[in-house]
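Chains B and P, in that order, give the protein sequences.
End of the first sequence = 278 in numbering that gives the first Met the number 0, gap-free, step of one.
End of the second sequence = 239 in numbering that gives the first Met the number 0, gap-free, step of one.
Note that these hints are calculated values from the structure, not bench results.
For every residue, glycine included, the Cβ atom is placed at its ideal position computed from N, Cα and C.
Do not take every clue at face value.
Taking CB as the label site, the calculated pair distances span [said to hold, decoys possible]: (1) B:I170 with P:G88: 21 to 27 angstroms; (2) B:E165 with P:K112: 51 to 57 angstroms; (3) B:L21 with P:E95: 40 to 46 angstroms; (4) P:D212 with B:K183: 54 to 60 angstroms.
Stretch by stretch, here's where chain P covers chain B in the computed footprint (C-beta under 8 angstroms, at least three residues) [stated by the list, open to error]: (5) 31-42; (6) 56-65; (7) 75-87; (8) 129-137.
Here are the simulated lysine to any residue pairs, SDA-like style, with alpha carbons at most 25 angstroms apart [stated by the list, open to error]: (9) B:K267 with B:K40; (10) B:K25 with B:L245; (11) B:K33 with P:K25; (12) B:K274 with B:K255; (13) B:K98 with P:E35; (14) B:K98 with P:D90; (15) B:K40 with P:E35.
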Amino acid sequence: MAITAEIKKDYIIKLSKNGKRLDNRKFDEFRKIKIETNIIKKAEGSAKVTIGNTQVISGIKMDIGEPYPDTPDSGVMTTAAELIPMASPDFESGPPDQKSIELARVVDRGIRESKIIDVDKLCIIPSEKVWMVFIDIHILDYDGNLFDAASLASLAALMTAKVPIERLKPILENMIEKYPSIEKYLKEHLEDFPLPLSNPPISCTSAKFNDIVVIDPSLDEEEIAEARLTIATDDKGDIRAMQKGLNGSFTVDEIKKVIKSSIDNGKKIREILYKSVGK
Amino acid sequence: MISNIKLIKNGKRLDNRKNDELRPIKIEAGVLHRAEGSCYLEWGGNKVLAAVYGPREAVPRHTQNPLRAIVNARYNMAAFSVDDRKRPGPDRRSREISKVISEALENIILLEKFPRASIDVNIEILDAEAGTRCAGLTAAAVALVDAGIPMKDIPVACAAGKIDGEVVLDLGKEEDNFGNADLPIAIAPRTGEILLLQMDGHLTQKEFDKALDLAIKGCKIIAELQKKAILEKYQKNVEV
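Construct the entire structure; sequences and hints are all you get.
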C-alpha cells in the first residue's frame, strides 16, 4: 500500500504543478455527490452517500432509555462508525480502532455541538425516560474523504428519521403504572413524528501536500497528504466546527482560503442535501 | 413464543405468496469500487452486500495452510438492520453463521491453487427480514465470481420450512417467527450436492423430504438469477 502511494506521489505532485488532479478536478472542486434516503426499512432513518467512489451508509435507530444525570431533561445521542473490512483491503475486523473512533467523534461533535437535534424535545419524563438516538455509520467503499461522506450521510439520515412511537407504544404503555404521565405523552404523540431538527452545518475536508491544498481528497491524495482540515459552515456562512489532522502544517493564508472554499462548496452540498430529503 | 397467528389463510400466505413461491429477488454484481468482487442483493425485505478480497497472504501466519487457501467469511449485521438496534461487532449467532458459510464456500472454491492464502468474504446485512444467511451466501457466491475466484460451481442458498402444518418455500418474517420449522440449505446447483444444511423446529421424515425438495427447487431458480446478474455486468463491460 505504502509503496504504491510513494510511486503515485511524484505523479500527483507533477500534475498539481500544472494545476491538475488525477481525476481532472480543480483544486476547489468536489467529486460528484449522490444522496439516497430511506433505503433501510428497519431503520428509523437512513441514507447512502456516494462521493466519487466512496460509499457510506448511515442508519438511525431510536429507543427509550435513561438520561445522563447532568442533562436530565434531554434526549441522548450516540454515534458509532464501523470501518468494515468490506470497504478496503486495509481495514480489519475487530473492535473500533483509532481511525473509526476519530471519525465517529468528529461526526458526533458536528451534530452535537451545533445542536442540530433539539434534544430537549426528546424528553419523555424528566430525569427518568428520554429518547435515545443511535447514529451508526457503515463505510462500504473507501476512496478517501470519509469525514464529509459520513457526516453528510448522518445528516440526511437524521433529516428523514421518524421517532418510532408506534413501534414502541407497547413498551411505553407498560410503563404507565410506574410513570402515569406517560399516558399524557402518548395522547400528545399518537403517530411517528420527525426528529426535531434545525439547519445543519455542512462539513468540507481539504488536504495539503507539497504546498498545494485540495478539497475533497481522494484516497490517493489522502495517502500523500501532510495535513488535513475539516471545516463545517452553516447557511449564514459562519464557521461551526473545525478539525485539523496529520502532522503537517497550514499557513494562516491557506486556512483562510480553505474556509472560503468550504463555504462555497458547503452551499452547493446543502442544496443537494435539502433536495434529497425533500426540503 | 406461542402464537395463534394464522400464517395461511384461504390457501394464501400472509404476503399473498403460493406455498412454492419465492419472495422477489434482485441481484447486482460489481457494485463496489475497492473490493475485488462484490454483489448487492435484495431478497424480500433483506438487503445484503457481499465483498471479496484475495487470494492474499493469510494473516496471522499460523492460520496459513501450506497446501491450500483458507476461506474467511465474515457475516455481519448492521446496527440499524433490525427492529431493536443490534450492538456493533460479532455475537455468537453471527460467528456461527460466518463459520458455516466459510465451510460451504471452502467446498466449492479451488483452494489448492492458492497455498498459504486467504480468500476473505465480507457479508454485510444492511436490512434484515428472515433468511439473511441464505441471502448472504447467495450474494457472496456472486461476489466470488466477480472477483475471479476459481470455483467448481456457483453455490446458491435458499430455505424451506413448515408453517401452519404445511411445507412452504422461503419463509418470510412472521413465518420464521411463528412457523413450525425452518430448513436453510446451500447447494452446488450443477451436481445438486448440499454444502450447508441447518434445521430447527419439527418435521416428519416425509415433510423433510418435501421441504428439501422444495428448497432445492428454490435454489435452482435463484441460481439462474445469479448467472443473469453476472452476465449483465460482464456483457455490458464488453460492449463498452
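Hint check results:
At about 25 angstroms, the beta-carbon gap between I170 (chain B) and G88 (chain P) stays in the expected band of 21 to 27 angstroms. The given range of 51 to 57 angstroms is respected by E165 (chain B) and K112 (chain P), whose C-beta atoms sit roughly 54 angstroms from each other. For the pair L21 (chain B) and E95 (chain P), the supplied restraint of 40 to 46 angstroms holds, since their beta-carbon distance comes to about 44 angstroms. At about 57 angstroms, the beta-carbon gap between D212 (chain P) and K183 (chain B) stays in the expected band of 54 to 60 angstroms.
For the stretch 31-42 of chain B, the stated coverage by chain P holds: 5 residues have a C-beta nearer than 8 angstroms to a C-beta of that chain, and at least 3 were required. As drawn, the stretch 56-65 of chain B meets chain P at 5 residues by the rule of a beta-carbon pair under 8 angstroms; at three or more, the given contact holds. Interface restraint, the stretch 75-87 of chain B with chain P: holds (7 residues with C-beta to C-beta distance below 8 angstroms; minimum three). Counting residues of the stretch 129-137 of chain B whose C-beta lies closer than 8 angstroms to any C-beta of chain P gives 3; at least three are required, and the coverage claim holds.
At most 25 angstroms may separate the alpha-carbon atoms for a hinted pair to count; K267 (chain B) and K40 (chain B) exceed this at roughly 29 angstroms. For a cut-off of 25 angstroms, the pair hint linking K25 (chain B) to L245 (chain B) stands: about 23 angstroms separates their Cα positions. Annotation: proposed proximity of K33 (chain B) to K25 (chain P) holds, straight-line Cα distance about 22 angstroms (limit 25 angstroms). Proximity of K274 (chain B) to K255 (chain B) is assessed by CA-CA distance (about 29 angstroms); at most 25 angstroms being required, the pair is judged violated.
A C-alpha spacing of about 23 angstroms is found between K98 (chain B) and E35 (chain P), which places the hinted pair at or below 25 angstroms, so the restraint holds. Taken as a hint, the K98 (chain B) and D90 (chain P) pair is honoured in the structure, with Cα atoms around 23 angstroms apart against an allowance of 25 angstroms. Only pairs whose Cα atoms come within 25 angstroms are accepted, and K40 (chain B) paired with E35 (chain P) is rejected, the gap being roughly 28 angstroms.
In this structure, the earlier hints numbered 9, 12, 15 are contradicted, and the remaining ones agree with it.
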